[in-house]
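A.B. asks: Each chain is listed here by its residues.
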Amino acid sequence: MKINMPRWFYQLASPKWSYDIMGMLLPWFAIAAGLLLTGGIVWGLAFAPTDANQGNSYRIIYIHVPAAILAQSCFMLMALAGGIGMVWKMKVAHIVAKSAAPIGASMTVIALATGAIWGKPTWGAWWVWDARLTSMLILLFLYLGIMALYSAFENKASGDQAAAILTLVGLVNIPIIKYSVEWWNTLHQPASFTLTKKPAMPPEMWMPLLVMVLGYYCFFGFLLMARTRLELLERENKSSWVIAVINEKI
Amino acid sequence: MFTVKNLSCERDDRVLFSQLHFTVQAGEILQIEGQNGSGKTSLLRILCGLSSSFEGNISWRGQDTQAHHAAYCQQLLYVGHHAGVKAALTAEENLRWMQTLQPLLNKGSLTDALRQVGLMGYEDVPCYTLSAGQQRRVSLARLYLSSHPLWILDEPFTALDKKGVVEKEQLIVRHVRNGGGCILTTHHDFDLPDVTIRRLNLDQLSAA
Amino acid sequence: MNFFTAIVRRDLVLALRNRNEVVNPLAFFMIVIALFPLAVSPETAVLSKIAPGIIWVAALLATLLSLDGLFKSDFDDGSLEQILVSPQSLALLAIGKVLSHWLMSGFLLALLSPLLAIMLFLPSQAVGALVGSLLLGTPTLSLIGAIGAALTVGLRKGGVLISLLVLPLYIPVLIFGAGAVQAGVMGMPIAGYLALLGAMMVFSLMFAPFAIAAALKLSIRN
Amino acid sequence: MGYFNSFSEFLDMGGHALYVWLSYAITLGIFILNLLSLWFKKRAFFKLAKRQTKREQRSL
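Chains as they are written, first to last, in the numbering used here: chain A, 4 to 253; chain B, 201 to 408; chain C, 29 to 250; chain D, 14 to 73.
Simulated from the structure, these hints should not be mistaken for lab results.
Predicted model, so just to flag it, every value in this text is computed and none were measured.
Take the hints with a grain of salt, since some may be wrong.
Label-pair restraints from in silico Cβ distances [stated by the list, open to error]:
1. A:W129 x B:R211: 18 to 26 Å
2. C:N46 x D:K54: 24 to 32 Å
3. B:G256 x A:L83: 27 to 35 Å
4. B:K205 x C:R45: 45 to 53 Å
Straight-line distance between alpha carbons at most 30 Å, and here's what the computed DSBU-like set of lysine-lysine pairs gives [said to hold, decoys possible]:
5. A:K252 x D:K54
6. D:K67 x A:K159
7. D:K55 x A:K19
8. B:K307 x C:K245
9. A:K19 x D:K67
10. C:K100 x C:K185
11. C:K245 x A:K241
12. D:K67 x D:K54
13. C:K245 x A:K123
14. A:K92 x C:K185
15. A:K159 x D:K63
16. A:K19 x A:K252
17. A:K92 x C:K245
18. A:K92 x D:K54
Every residue gets a Cβ at the ideal spot worked out from N, C-alpha and C, and that includes glycine.
Extracted from the complex, chain A is given alone in its bound form (with noise of 0.2 Å):
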């Protein structure tokens, strides 16, 4: 298990080294996410040009599309950073994990919401069994799952280890829950086309889309460390590098 990194790796399992770096980039995020999530939307709402089969409420993607997207890269990040507190015990890492939990379910929300109204003109329907909708339900309970987790143990450091167990469990799941929901919603309606499924979409429409995904990127990041920050600050709040902080801002 033994595996040599190197120094900046270890580094960040210090809290001091963690809470100071993220402190810098933090408005660095702050103002990359602000200046492309509003160029974005603007763009996307008012300047890209509507679509022949869909009209304006294709529009949606814009928003839709990348919390899909952050939804799903937010889970492997979890996995990820779960797998390394277990393999090299880094309370840094497991409060990385624990911080995204609830802003990756928040994301599932938006795409799931977002989804089903653009359902509505599409399909007539408010809600649709659709394989990505329903696949993104089984995800926010997955979200669901952890978060209760966490919240179960007294013990913060046994729930940190819980919940990464669960997260890598779900991890290796959702790619056979995927295709099974997949299967299942081709066995019981047609395919219809889906928001996400476009053959060619002109660089008119896409490009907003990724500046979009961009500045929901950046948003999350900031998000992700400014709650890791204070997380760290709970839970070393005995030592002195905390009571330093705390000082200097009362």
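Once you've looked at the hints, dock chains B, C and D against the given chain A.
C.D. replies: Using the frame of chain A, we list chains B, C and D on its own:
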């Protein structure tokens, strides 16, 4: 034989003990003293590998106990706060199960071991008909079968009468005379002739 | 191997001595199924259409219900501690316990299912698919459920939490299990479904024991 | 402005105003909720820390 270096334990934001150093040699008994809540049971659980909320080094015959957990457990007999006795099984079935778990429990006569702890005639009744004290004695019967070099015993005398206590003391003496080591906690005044008993008081540690 | 047979034997003996723990999930299984004709409709056409789904959902819930106690008594009386301080492998223990649990839950559910198939007017050509899919699917349910049981065994209020953790992970088994029965009803080949269920069983048999062992370790050390 | 000929046309979204604006509103709401919860947690932490430091100073 058994070395502990720089052991600290924190639970629920409270330091139970810190910077603990001690060794247990073959033929020695280490008695851990302290008031309720001073961390005796936590310390024993850490030594057995049943708790991971600690910092420091624990080694057994020069090998880290965490890294060589299975090899260490092979040599260790632990009698904990819970008896580890299944209520629906009989005393004999329970001991037989413990023998499968622990290869160093002799395959000798179970009836004999049960007689030693005063459970003669209770071999075939399910343990839920026994009192809590009797269930603990089923667990203690393992001591009579054990050839483990290291015993870790958490309050082994609580469920015993005077005669039982004396017998267990003799058993422990025999164990250490044969080159074994023993770490135990007890409220009981514990003084045995011709045996080295070290004492570790957790109260004094935290006061200092 | 000696250790493994000892666990299976011990758990089977324990199950036979506490017969309620075996019978209760089976009774639950039957009651849940009996609720559907009362709640939906007793008509043959309606019931036979929804029978595969109902039986599978009921089997899944019955398994889940029985899993809650899988490690509980061993945790409470200190048996798990003793296993952790022994040189025996926790992963092997997990397989042994899950196997005996399955023999007393999933296996019996599968044996009982033809009776319920008759009560729900499931076409007789699908009964083979029902029993086969339950036999191949419920071991996976037991294995995955045991991870949840091991994670929550040390918690005071584990009951609802375990459902929240485990049910999403049960979905693929449910889809293919109920799908196999549907295919059986329509007279289509079911070998593909059974192969998938079998593959999931082998896959979970390879990975779940380690997850269970890690979860048990952390629950004891908590 | 941009793709649309007038502001009212933009608001109308080709008849899909309800769906588009509802989606964007929900998304914005969830973003703001995330930020608010962060802000509240931070405030609560420093409030508690402040009270603790005061208590410690008094006890000294």
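A.B. asks: Each hint should be assessed against the structure and marked as holding or not.
C.D. replies: Tested hints:
no. : hint                        : verdict
1   : A:W129 x B:R211: 18 to 26 Å : violated (50 Å)
2   : C:N46 x D:K54: 24 to 32 Å   : violated (46 Å)
3   : B:G256 x A:L83: 27 to 35 Å  : holds (30 Å)
4   : B:K205 x C:R45: 45 to 53 Å  : holds (47 Å)
5   : A:K252 x D:K54              : holds (15 Å)
6   : D:K67 x A:K159              : holds (27 Å)
7   : D:K55 x A:K19               : holds (17 Å)
8   : B:K307 x C:K245             : holds (28 Å)
9   : A:K19 x D:K67               : holds (24 Å)
10  : C:K100 x C:K185             : holds (12 Å)
11  : C:K245 x A:K241             : holds (28 Å)
12  : D:K67 x D:K54               : holds (20 Å)
13  : C:K245 x A:K123             : violated (49 Å)
14  : A:K92 x C:K185              : holds (27 Å)
15  : A:K159 x D:K63              : holds (23 Å)
16  : A:K19 x A:K252              : holds (16 Å)
17  : A:K92 x C:K245              : holds (15 Å)
18  : A:K92 x D:K54               : holds (26 Å)
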